[in-house]
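**Student:** Residue numbers (the working numbering), protein chains in the order written: chain A, 91 to 288; chain B, 1109 to 1590.
Be a bit skeptical, because a hint or two may be false.
[Unchecked claim] With a straight-line cut-off of 25 Å between C-alpha atoms, the simulated SDA-like cross-links for lysine to any residue are:
1. K207(A) <-> A141(A)
2. K1213(B) <-> H254(A)
3. K1261(B) <-> A249(A)
4. K180(A) <-> T114(A)
In case anyone wonders, no lab produced these hints; they're calculated from the structure.
As the structure is a prediction and not an experimental result, all values here were calculated from the model.
What follows is the residue order along each chain.
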Amino acid sequence: MSSAVMLFTVFAVILVLSALGVITARNPVHAALFLVLSFFTGSALWMMLEAEFLAIALVLVYVGAVMVLFLFVVMMLNIDLDRLREGFWKHLPLGASVALLMVVEMILVVSSKQFAKMTTVSNTSGVSNTQELGLLLYNQYVYPFELAAAILLLAIVAAIALTHRRRKDSRYMDPAMQVSVKASERIKIIKMPAEREL
Amino acid sequence: MNFAFSSIAPALPEIVLLISLCLLLLLDLWINDEHRFYTYVLAQLALIATGIAVVNAENGSVVTAFSGMFISDAMARTLNVFSLITMGFVFAYSRLYSQDRGLFKGEFFVLMLFALLGIMIMISANHFLVLYLGLEMLSLAQCALIALQRESKNATEAAMKYFVLSALASGLLLYGLSMLYGATGTLVIPEVANAIAANTIDPAILVFGLVFVVAGIGFKLGAVPFHMWIPDVYEGSPTSVTLFVASVPKIAAFAFIIRLLVGSLGAMVSDWQPMLVIMAVLSIGLGNIVAIAQTNIKRMLAFSTISHMGYLLLGILAGNNIGYAASMFYVASYVIISVAAFGIVLLLSRHGFEGDRLDDFKGLNNRSPWVAFMMLLVMVSMAGIPPSVGFFAKLSVLSAVLDAGYTWLVVYAVIFSLIGAFYYLRIIKLMYMDDPTTDQPLVTEPDHLILIGLNGLVIFVLGIIPQSLIDLCVNAINHSFR
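Construct the entire structure; sequences and hints are all you get.
**Tutor:** Below, the structure is given as structure tokens:
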């Protein structure tokens, strides 16, 4: 067994086991951490295919941003585990049939004649594919790339205009009002009858 | 790596616009609410700077930039000039109304300029991806503008409807474009045209893609059966935004159709012609009939827009340069008229009062003969009564359709424009023959009145001598498409 096959086996086994962990872990935080692990091993597999840009993007975007956000949400929401598990048996038939359908579809795709025609192309240009992608993105496709950037700016402006302008219920402090407050405004003494004994 | 400015120079107007709107975004931070007028001035200056860049680029030839994704031809330059001028009028008309309703903020102008940038990108797109990005920029900015009046339930509802339907339409359009990409293997518009002309592609795939593309176009244009968003958006959004929605994006929609159907799918004219015939027939019919039942002027003008877009499609479905030029003339004159119509609706509004019911036009002649006369010109033009620019616009599209051999369609369109004349003339009757319900004077500023007057003058003069504008459109189309 060559070292590449060995590495692949190791990563593949970890990937499958951690993916199983995602759906079997009782604690959602553990499930999210298993997902992080499966992303990492997935990116290692991509790295072995010399697709280093995709591998790095997967780690940076999914592990670095999306999953961290996900973990925060899971931790903060304090999800009730037992309620999540309710109806597992009720939904099992539907879930199982969807899964079966996906397996059948995958078999159909992999066993088709078109799939056999696919060949792998090795990178012959001598530069990394990150560089290749960069050159393509900043040369041939620079115009749509810049337009996408402008659309992102527009989205920021639109979001701020729609949510933060003149909002009555947004909480902010006015230092001038804080300073000029009088003692009589801070405390109010009201008379009320003594509480009856129970 | 070499970089030569000449490789991006044709896109100078877009670059100038983007830079100046970013500057506006920054400078607006230092302008407080009392001095917001300066933001308005800066926005107008941005339009002027862009306009100078457009006019300077005028050299009559077709140039591309950004590895063929951007094209600057006679049609693009003419439409850009139209859009910029119209945008200037939109800013001027909406100023007082927006000030009064808390819309007069930096974002209002920045979003409008973003929408204009999207329009200009669509106008000079030479690549499906760029066309789509321009469309998204326009839709996103428009959606935010509609929702800008957050306290208004109607505006939020309109924005929601627009958002959902425009997302659906984008999905349809992208699906169609991906089919065309799958069939032709390219996204560059002239290359798509070449691939289709080579006649080696299975027409079934192409027609399949075409159906979705036409559906996307129908939505953008607001043609029946993709018109549902138009009345709600027109009625729900603040009038200053309706003024925008009803004017400049129509120019973009025209460019969008020309780039897609003529530029890339020109060889499939026999396939898209019947689709456009159906959309045109339905739009002209439904728009003109439903408009009669409306009591809100914004809603009435919305249905009138639907019917006008039907007439616009007539020119395109003729399938030749004469027809495209007629449609271009139609869209140009429609935009001039529509801007004036909403400018007058804005004039009738005052603090805490929306002058958007038909009853608000009662006895306008007694309150302000000048504004009433302008509205008369607008309504006569919209109805297409000679001699008005609207008449010549209808005449040119109808004669193009007649040449294409659709006599029944011409008869149908004429009958429905007669039906449509009813609700336009009703406004004139309300203004001149009914007693006013209020004697409140119109609240306005001199620049608004002067510009309305100028706008009316353009409508009037074009009604007598339309040839200059027609020639402009014919030249633009002939130089761009041979």
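**Student:** Between K1261(B) and A249(A), is the straight-line Cα distance small enough, at 25 Å or below?
**Tutor:** Holds, because 18 Å separates the two Cα atoms, which is no more than 25 Å.
**Student:** If you draw a straight line from the CA of K1213(B) to the CA of H254(A), is it 25 Å or shorter?
**Tutor:** holds, 13 Å
**Student:** Straight-line Cα separation of K207(A) and A141(A) no greater than 25 Å?
**Tutor:** holds, 21 Å
**Student:** Would you mind confirming whether the straight-line C-alpha gap from K180(A) to T114(A) stays at or under 25 Å?
**Tutor:** Holds, at roughly 17 Å.
Checked against the numbered hints given earlier, this structure breaks none of them.
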